[in-house]
Amino acid sequence: MAKDELAKDFKYIGTRPNRPDGYDKVTGRAKYGADVAAVGMLHGAVLRSPYAHARITSINFEKASKLDGVKAIITRDDFPVGIDGDTLNLLENTIAGEFAYYDGHAIAAVAATTVHIAKEAINEIEVEYEVLPHVIDVDEAIKPDAPVIKNNARDFSVPEGSSPNVASYIEFGTGDIDGGFDKADLVKSGRFKTEAAHQGYIEPHACMAQLDHDGQGEMWVCTQGHWYIRQMCASVLGLEASKLCVTPSEIGGGFGGKTTIFIEPLALALSKKSGGRPVKIVMSRAEVLRATGPTASASMDVKIGITKDGYLTSGSVEFRMQGGAFGGSPVSEALQCAFAPYNMPAAHHIGYDILANRPRAAAYRAPGSPMAAFAVESLIDEICTDLNLDPIDVRLKNAVKEGDKSSYGPKFKKIGLIETLEAAKDHPNYSISLGDNQGRGVAAGYWMNHGGETSVSVSLAEDGSVNVTVGTPDIGGSRASIALMTAETYGIPYDSVRVNIAETGALGFNEPTHGSRATLASGKAVYEAANQTISEMCQRVARKWQIDPDAVFWENGYAKPAGANAGDFSPISIKQIASEMDQTGGPIAGHHEASIRGVGHSFGVHIADVEVDPETGRITVLRYLVAQDAGRAIHPSYVEGQFQGGAVQGIGWALNEEYVYGADGCLQNAAFLDYRVPVASDLPNIDTIIVEVPNPDHPFGVRGVGETGIAPPLPALANAVNAAVGARLRSLPMSPGKVLKTIKTGEDGC
Amino acid sequence: MTKIHVKTNINGDKVEFLTDPRETLLDCLRNHIGLTGSKEGCGTGDCGACSCIFDGNLVSSCLVLGVEAEGKSIETIEGMAGEKELHPLQKKFIEMAALQCGFCTPGILIAAKALLDRNNDPTESEVRYWLAGNLCRCTGYDKIIKAVMETAKDIRETA
Amino acid sequence: MAVKVHLWESLARFTDNKTELTIDADTVDELIYILSCDYPGLIEFFKSGFSIAINDEISNPDFNDLLPENAEIFLLQKLKGG
Ligand code: FES
Ligand code: FES
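Chains as they are written, first to last, in my numbering: chain A, 22 to 771; chain B, 452 to 610; chain C, 106 to 187.
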């Protein structure tokens, strides 16, 4: 990408126009997953396991099927056999086969003429279970004598002799670890634990599906990635992918949790079994919490060496994460993030992905990074306290910069951690004085946003306005940012661009809106596609002027002669070119398909001020600052929104949110009342600093902004609590009882 | 179950519908009347996505039965905008990017309007506590609170 | 083209304990093929999906990519996100 492009002044990028879907979303018109109905539609309901681990010995649905209005009942018998590998895991999680692996695991599903009848029928299905021993805690699950969840669960990576619940193993590192510890003036280690947290999107999963016996089907679904849904549904049902047309609804939050299937194949199978009638399934909140993916819970050992003037000499981590009954915890990502902010001579990483009788973990915003940050950034803070060093200065001394080798191997291109640390340090929040029982915590975080598979198209309307079609659902204003980049590329007003999100048949494969890639990847692809149409327009103008196409260039919405030699022509506007399309060769459209290369390394630094009530252990967040490198903020309001939303999810994870299991292995807090996400009165304003160190791999310098912000709050708050009352919590969440206990006994909760 | 005939008033229009007595007002709005702007995030009164005004009171419509609507007057998000323009809160929410996914937005707008109708000069903490029953998982509330405060200011200045 | 390939330590079980290999390969495809032939234990790893950094550019692999002389290559876990 031309460097001058990155440095130039933008006309639209960086402004804050109203989002194109704003009207729909403030008037209640926008259609989300549960907001549609079809003629002849049936309602689906799902029977779920009441046990954490059980063999299903029989399912009898005779009574249920006799209820008036019941049109179809499905069990695992209605799905293909002979599936293996990852697809088998997907299918097993969609509907149990021989075993129920967690409380809430789907066993059977019903379609009926009303929701009430469907639910009644569910209650009439008789299932016999043989209850098996279960295991919930990650450190229990890795013990050699833990209840075995599955035979042969391990993949190629697991060394012989490992505990049977280890699904995969990873180890990597660089430098002389022991030599590094020898050189250190202080070597400190600790164990840290985090609980599973749910993405907590306010919109429960919902879909409406229709499938005929000839294998043609349609689906309306709230998802971050409808091509993923198509691919997964097709593979577990044995359908041809292109015969299934998946349309994404507006989506009420996802945060990674809506990148996989849960109810979707059930709705398709029910539709097929009921003779092709459309079937709608909407999850309840309890189902969302019991059966969809939270993130992993983690137990982590960290050891860090440092010189007395604050230079890190060596670090090692061992992370154990359970990702539910099918594996898939983000342990490798966590390891990749653990020491990423630091230029360390030696770093070593070991990770275990472990099975437990819990729902299958799904991605959650910067998967793995928050846990890693909690462990590493807490320990670095302990070191700073011991050595009486300023936490930002220590991070500045060790911060990675362009050309440094990352802790996982490749060298960084231009990155903005130092700029971000400096911006945080200069912010007034860092010097406000604190009162009794108040404390300040600092922490850094990281995510490598990636491009991935992307397909977009653009077309010119006859009046010179532009349609852009992308395949990445708009979760948080990406229509606005894509429209801004399009407007910038053409040099036409923002309002002249309309961004549509297309169904699976309209574009090539698109990865979901995940990993902060919508603006990063779709933006880059739209830039390429728009430039295709620009060169087509220049060619048409060259023919009109009868000059060489190279002698025409594009600027601010006009084709212009390139210098005096090209001839004396007056510029022609996009409007005019568009109005003459039909006489100059027909429609003008462009498209771009690619695996977008490169990543956007985005670092963030948070500063949290808290007050701890020593009588009750209650933590109040007084002030909160997010500084993060956005590369380039296309629409700064939505960038701030991502920073703030990520930070508050991290605050919830740090302070309240956790999966509470009973001795029977069943989830005890499957409601928003008990699974306590932050509410408005829990929080102060979230101050933000957008740092802009442009990403050299993106035409406009975008890095992707959504992920990083959730990582630093976990350690920043723990560090602030320690600063306030001298209580070091090494286990999350920092609920009042736990805080009080640590204040009183000094135990860290691990 | 035998359905019950309910006559009510929604956003100023006379409406009649048949409901199974087990159905909530939210179910009726969404499934019988076609007003899907009110959302179900929990069904247990914890998230506020279903907020409506019920005879002048702010309620979670998932906790009201459909049959209770008989003879009442109900305001939903679909009735919030004027014929010519959006309600000032709706406008401000768009301008200040106080929504991301937008799923909580109808409920938050209804609840915020109920506050400003009562008190057009709330403190920030009053706004935060008033909206404590409305969950938003995307925004961290910052821009929502600021948009409500700004709208209140505009309302006071034009009053 | 001789290129230098870096592997995680946990893969060294399959590569006679080597984490750095010098391989003669012109394309990513050829590289994966040669590694799979020399070290069949890696086949499962390649099948499980991976990302690749060629001279510090991290991407999902394009098997037809030409490898520059002396390229430094890291094999990484597949990039994902939330
Ligand atoms: S749906 Fe009524 S409060 Fe959540
Ligand atoms: S904007 Fe998504 S829940 Fe509030």
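Just so you know, the hints here were simulated from the structure itself, not pulled from any lab data.
Incorrect hints may appear among the rest.
To be verified - Straight line, CA to CA, 30 Å or less: simulated DSS-like cross-link-like pairs of lysine-lysine:
(1) A:K264 to C:K183
(2) B:K458 to A:K52
(3) A:K52 to A:K204
(4) A:K435 to C:K183
(5) C:K183 to A:K329
(6) A:K329 to A:K446
(7) B:K458 to A:K446
(8) A:K140 to B:K597
Unchecked claim - Derived, one-sided and incomplete: chain C residues facing chain A with beta-carbon distance under 8 Å:
(9) H111
(10) S115
(11) D121
(12) E125
(13) S153
(14) I163
Stated by the list, open to error - Rough simulated footprint, nothing fancy, chain A against chain B, three-plus residues with beta-carbon under 8 Å:
(15) 510 to 524
(16) 548 to 561
Here a beta-carbon is modelled for each residue, glycine too, at the ideal position from N, C-alpha and C.
Results for each hint:
Simply put, K264 of chain A and K183 of chain C have alpha-carbon atoms about 28 Å apart, close enough for the 30 Å limit, and the pair holds. Between K458 of chain B and K52 of chain A the alpha-carbon distance is near 27 Å, which keeps this suggested pair within the 30 Å criterion. Among the hinted pairs, K52 of chain A with K204 of chain A is inconsistent with the structure: their alpha-carbon atoms are about 61 Å apart, more than 30 Å. Of the pairs offered as hints, the one joining K435 of chain A and K183 of chain C holds, with about 22 Å between alpha carbons and a cut-off of 30 Å not exceeded.
Only pairs whose Cα atoms come within 30 Å are accepted, and K183 of chain C paired with K329 of chain A is rejected, the gap being roughly 38 Å. A threshold of 30 Å between alpha carbons decides the hint, and for K329 of chain A with K446 of chain A the separation of about 21 Å falls inside it, so the pair holds. Of the supplied pair hints, the one linking K458 of chain B and K446 of chain A is violated, its CA atoms being roughly 62 Å apart against a limit of 30 Å. Proposed proximity of K140 of chain A and K597 of chain B is contradicted: the alpha carbons are some 42 Å apart, above 30 Å.
For H111 of chain C, the interface hint holds, since its Cβ comes within 8 Å of a Cβ in chain A; the closest pair sits about 6 Å apart. Satisfaction of the interface hint for S115 of chain C is found here, the shortest Cβ-Cβ separation to chain A being roughly 4 Å, below the 8 Å cut-off. Taking 8 Å as the C-beta contact cut-off toward chain A, the hint placing D121 of chain C at the interface is violated, the least distance being around 16 Å. Interface restraint check for E125 of chain C: the shortest CB-CB distance to chain A comes to about 11 Å, outside 8 Å, so the restraint is violated.
Because the beta carbon of S153 of chain C sits about 7 Å from the nearest beta carbon in chain A, less than 8 Å, this interface hint is met. For I163 of chain C, the suggested interface contact is upheld, since its CB lies about 5 Å from the closest CB of chain A, less than 8 Å. By the rule of at least three residues with a Cβ nearer than 8 Å to a Cβ of chain A, the coverage given for the stretch 510 to 524 of chain B is violated, with 0 such residues. Counting residues of the stretch 548 to 561 of chain B whose beta carbon lies closer than 8 Å to any beta carbon of chain A gives 10, which meets the minimum of three for the stated coverage.
Figure legend: structure checked against the earlier numbered hints; hints not met, in rising order: 3, 5, 7, 8, 11, 12, 15.
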